[in-house]
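> First to last, the protein sequences are chains A, B and C.
Its first residue numbered 0, the first sequence is counted upward by one per residue in numbering that gives the first Met the number 0.
Its first residue numbered 0, the second sequence is counted upward by one per residue in numbering that gives the first Met the number 0.
Its first residue numbered 0, the third sequence is counted upward by one per residue in numbering that gives the first Met the number 0.
Hints in this document: simulated from the structure, not taken from any laboratory.
Among the clues, some could well be false.
When chains are identical, the list treats them as one kind, so a pair holds in a single copy or across two.
Derived DMTMM-like pairs: lysine to aspartate or glutamate, alpha-carbon spacing no greater than 20 Å straight-line [unchecked claim]:
#1 Lys106 to Asp149
#2 Lys106 to Asp2
#3 Lys106 to Glu70
#4 Lys106 to Asp41
#5 Lys106 to Glu31
#6 Lys106 to Asp55
#7 Lys106 to Asp21
#8 Lys106 to Glu84
#9 Lys106 to Glu91
#10 Lys106 to Asp93
#11 Lys106 to Asp86
Chain by chain, the residues run as shown.
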Amino acid sequence: MSDIEAVRQILARYVRAADRRDGAAMASLFVENGIIEISHNDGGHLVPIGRLEGRDQIAQAVTGMMRPHPERGWSHHATFDHIIEIDGDVAEVDAQFIVYNTAGAVKPSAGWPAGAFGAQGTVTPVEAGYYRPTLRRINYHWRIQRHRIDLDLPMAAPGA
Amino acid sequence: MSDIEAVRQILARYVRAADRRDGAAMASLFVENGIIEISHNDGGHLVPIGRLEGRDQIAQAVTGMMRPHPERGWSHHATFDHIIEIDGDVAEVDAQFIVYNTAGAVKPSAGWPAGAFGAQGTVTPVEAGYYRPTLRRINYHWRIQRHRIDLDLPMAAPGA
Amino acid sequence: MSDIEAVRQILARYVRAADRRDGAAMASLFVENGIIEISHNDGGHLVPIGRLEGRDQIAQAVTGMMRPHPERGWSHHATFDHIIEIDGDVAEVDAQFIVYNTAGAVKPSAGWPAGAFGAQGTVTPVEAGYYRPTLRRINYHWRIQRHRIDLDLPMAAPGA
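Starting from the given sequences, assemble the full structure and let the hints guide the process.
Put into structure tokens, the structure is as follows:
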């Protein structure tokens with residue numbers, strides 16, 4: 000597998016871990032002291048929102064701070080249009096992302112109504128921005144060293 | 000072209016065939032006795048929805064069972080974040096997908112209203128899930144042997 | 000970097016330039032006398048909408064004719080499922096695209112309401128279609144020679 004493809008697939012595994020709320024899988028994609036920096040891009044000005052340092056904090060945030068999926072719900076963190084520049088053992092990535100929430104409809108006890116056809120429920124894009132991680136190759140494996148998440152939208156958090 | 004790229008482009012041709020409702024183009028991406036298995040992922044439990052076996056059944060389903068596009072309508076089956084593992088002549092793929100329907104607005108006989116600007120119509124995501132195909136390389140060509148479609152949302156079908 | 004990857008990343012830079020309304024960055028991706036042809040795919044019949052020729056016209060259109068982002072707004076031109084065929088120094092690309100607008104909510108002076116959680120604002124898909132560029136390799140660099148944009152939806156423009 001080419002280095003560019005290997006780096007791209009780290010991002011593919013990153014979004015799987017996010018959607019599964021799987022902190023251990025997420026942490027394994029980072030170097031031991033890896034960093035996540037989340038900012039809101041407020042008209043070109045990056046406003047820091049949060050910072051995580053080290054695999055333990057990262058695992059805990061994914062497992063404990065991301066909202067669990069509601070019943071019949073799931074999410075897709077999706078990435079597009081990767082710009083990947085590799086210099087030796089360092090890769091710089093700039094990728095667009097959008098997060099979709101999906102929510103399945105409840106099947107009525109009498110069955111789907113006459114005329115219902117196809118998927119029953121909603122697919123809603125709720126977040127967007129850029130992932131800008133830096134990865135390092137260590138013993139032939141690419142790992143995220145520092146992950147910048149630049150969000151288009153402001154974030155509300157308890158107490159903020 | 001690398002094997003990973005060749006496999007990825009099979010998926011790109013798969014979504015083109017789906018959006019064109021082109022059964023012959025779709026069937027040509029599968030091995031002769033290829034299989035499609037469609038399931039609804041109901042909170043981690045895969046509920047079988049349908050199964051197709053062989054190129055003829057696959058071609059017929061695409062041409063005859065997918066709803067035709069309405070007037071001024073089109074769809075985009077889009078895939079993201081491919082995880083592709085190749086071992087010899089076998090490739091295992093895990094890709095996210097979302098289906099969008101697009102519907103063009105009708106241009107009023109008096110022309111677009113004053114102030115109208117840009118695209119006139121709607122782009123609506125309606126389905127999402129994971130494509131999990133297994134491909135085989137036969138005479139240098141990658142073909143889908145078994146295609147798992149795991150849908151986020153339940154499906155309604157006539158009589159179901 | 001493989002040729003296919005290099006071509007794919009030209010498209011990734013194209014969408015960045017579009018979203019930044021950066022005419023100079025956009026023009027630099029084209030050959031000097033590059034062409035953009037925009038059409039509306041009206042039920043299989045391509046209706047020409049606009050044509051740009053040369054780097055100056057292209058730069059001017061991106062900087063001057065695309066609507067500026069509103070306050071707290073941004074866009075993502077996103078591409079998917081690239082089919083890339085390379086023959087010597089010529090590459091033919093067929094990619095799906097969707098354009099999303101994002102709009103951040105205004106934070107109330109009293110702070111986000113109790114119970115607000117996560118991204119505050121909207122992510123709306125507004126355009127879709129296919130990018131069908133032809134690229135040429137000149138002195139080891141891929142550049143767009145002719146870029147076809149086939150839109151699903153009709154476009155309204157002042158006076159049209």
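> A separate judgement is required for each hint: does it hold in the structure or not?
Hint check results:
1. Lys106 to Asp149: Between copies only: 18 Å across chains, 38 Å inside a chain, cut-off 20 Å.
2. Lys106 to Asp2: neither (46 Å within a copy, 42 Å between copies)
3. Lys106 to Glu70: within (13 Å within a copy, 29 Å between copies)
4. Lys106 to Asp41: Result: close only across copies, 12 Å inter versus 42 Å intra.
5. Lys106 to Glu31: neither (45 Å within a copy, 36 Å between copies)
6. Lys106 to Asp55: neither (40 Å within a copy, 32 Å between copies)
7. Lys106 to Asp21: neither (29 Å within a copy, 31 Å between copies)
8. Lys106 to Glu84: Neither way: Lys106 and Glu84 sit 48 Å apart in one copy and 36 Å across, limit 20 Å.
9. Lys106 to Glu91: Cα proximity of Lys106 and Glu91: none, with 46 Å in one copy and 33 Å across.
10. Lys106 to Asp93: neither (41 Å within a copy, 28 Å between copies)
11. Lys106 to Asp86: neither (53 Å within a copy, 41 Å between copies)
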